[in-house]
Amino acid sequence: MARETLHEVAMIANRSVRRTLRQPALIVPVVLFPLMLLAINASGLNVTKRIPNFPADSYLDFALVVTFMQGGLFAATTAGTELATDIETGFLNRLQLTPLRAPAILIGQLAGAMVVAFLSSLAYLLVGLAAGAQVKAGVGGAVVLIALAMLVALAFGALGAIIGARTGSAEAVQGMFPLLFVFFFLSSMNLPRNLIQAEWFRTIATWNPISYLVEGLRSLVITGWDGTALWRCLVTVVAISVVGFLGASSSLRTRMART
Amino acid sequence: MLTYRAMSHDGITAKGLVREFKGAIRAVDGIELDVQRGEIYGFLGPNGAGKSTTVHMLTTLLPPTAGTATVAGFDVSTQGPEVRRRIGAALQEAALDNFLTGREHFELQGGLHGLAKAERGARAVELLERVGLTDAADRKVGGYSGGMKRRLDLALALVHRPSILFLDEPTTGLDPQSRSALWSEVARLAKDDGVTVFLTTQYLEEADVLADRVGIIDQGRIVAEGTPRELKEQVGRSSVEAIPANPDDRGAIEAVLSRFGEPAAASPKGVAVRLDGGSESLGQVVRALDAEGLEIAHLQLNAPSLDDVFLAKTGRSLEGAEEDRAEEVVA
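First to last, the protein sequences are chains A and B. Taking numbering that gives the first Met the number 0, the leading residue of the first sequence gets 0, the next gets one more, and so forth. Taking numbering that gives the first Met the number 0, the leading residue of the second sequence gets 0, the next gets one more, and so forth.
Treat each hint with caution, since some may be false.
[What the hints assert, rightly or not] Which stretches of chain A does chain B cover? Using the computed rule of at least three CB atoms under 8 Å from a CB of chain B, they are:
(1) 3-11
(2) 14-21
(3) 81-90
(4) 237-243
By construction, these hints were calculated from the structure, which means they are not laboratory data. A virtual CB, placed ideally from N, CA and C, is assigned to each residue, including glycine.
With the sequences and hints as input, model every part of the structure.
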């Protein structure tokens, strides 16, 4: 049974990766948009490093992981949109008419999103290093950084899949993008929490799980091996993934009314 | 194994099948079906009559609200996986992935049906050739025409060698050539491979040409069922209409035709009778007119159509029914 499920997951993931890579309109913004924002912020906000207690040597180092987070956000939109498109076009019915197990559809789609996240993360890292960024945790840290970025893509992808499965509308999934973006800005994405002056902002950033994801990834670049930041990041990403996966599974089960 | 073989050879049955949607809308209202193995069953009706909802229930995609149905000997409500193993379906929308090639669709569909890699490849070659898509096999489906997509959809439904095939309006939107090619393939499947075909259509000609038996559905209920010939015979015999070359001969022609049946509605210039002996007596009519030296400008045999059957059973023609339904939806 487990072997058959793995086979089904591999088939769906294979399709997901193929169709995503064959749509330049999906891939190019995922790679270019975060890198463009990084270039703008790193050059325009580099003076921020002079703020007392600023934790990084350069704003480029500090902001590098934002690209990974934005890549995860794109993964969420892509995973949700692809699932919704399958519902809209009737492709889900085609899949339902095979012995395919429902969770395999979801895992396969998310595995596809993780592969795309791997490729885009690699691009962010290489461009960052070429621009002068340094990963304090070394080569091992870079590997963990990419692995965590893939987990972030999995977590956000599962959230996107909930919307995709529940609404069956690609437009509705894309409407989620600005909402998640607001969560991003209300985190420690642009400034460490201890340096945020406005108390309300600091409070929201402290409660915002995005902060812990950003800080975990960022610690590998600007600090080295920071156990506390890493376990908080891992717990947060696993929690979001589990909640997202359960929610998406439930929505997909409702959608797939087959007997 | 024997039990499986015996059961898998069964066709389709339904007893009191009902499907309600929110707002107590009864899309399917107590359908009874008995489709034999190897039969092509045409399910004819206008848009919104309940054809696709019935197919969705029979293919296990939609649980019935009430009633029972078996496909290949298995209950669609409680034995979904068993049913799905034995059926193939090409649903109303040819749901294909525009970013995959035709061959990649076989890879995916065959793989999910548990076919080994080598078998998937061989099956793809065989079926792509059968539906005339060998040359387009490695092109992305997004570049296929509507007819090519329909043919691929049909071929994909056959990848795991199902014993029962559901085709939901398979030729809607196709040009006459593609439609004819698809009809030939469906007929071949039933005749040569013994596949049971459940075909929904809104085209009279399709049901007439292709189906062994036809069920006519309107507003969720089957209003008539039988072979196309039986159904037509239920509503009456063929009529013949003659238009005289010389209008002065009208009376004489009326007299000759009256020997073959009672008068029927005709065009303003014509004379028509409903033939007591059916269409077979047309030759006698021609000989009788010739014997009297009557010159005919136009002679036409009008056989009852399935539209006449629909009209007789519902009081509306099929096209009219579609318009009525469209108005209901707009309202």
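We went through each hint and held it up to the structure:
{"no.": "1", "hint": "3-11", "in the structure": "holds (count 4)"}
{"no.": "2", "hint": "14-21", "in the structure": "holds (count 4)"}
{"no.": "3", "hint": "81-90", "in the structure": "holds (count 3)"}
{"no.": "4", "hint": "237-243", "in the structure": "violated (count 0)"}
Checked against the numbered hints given earlier, the structure breaks only hint 4 and satisfies all the rest.
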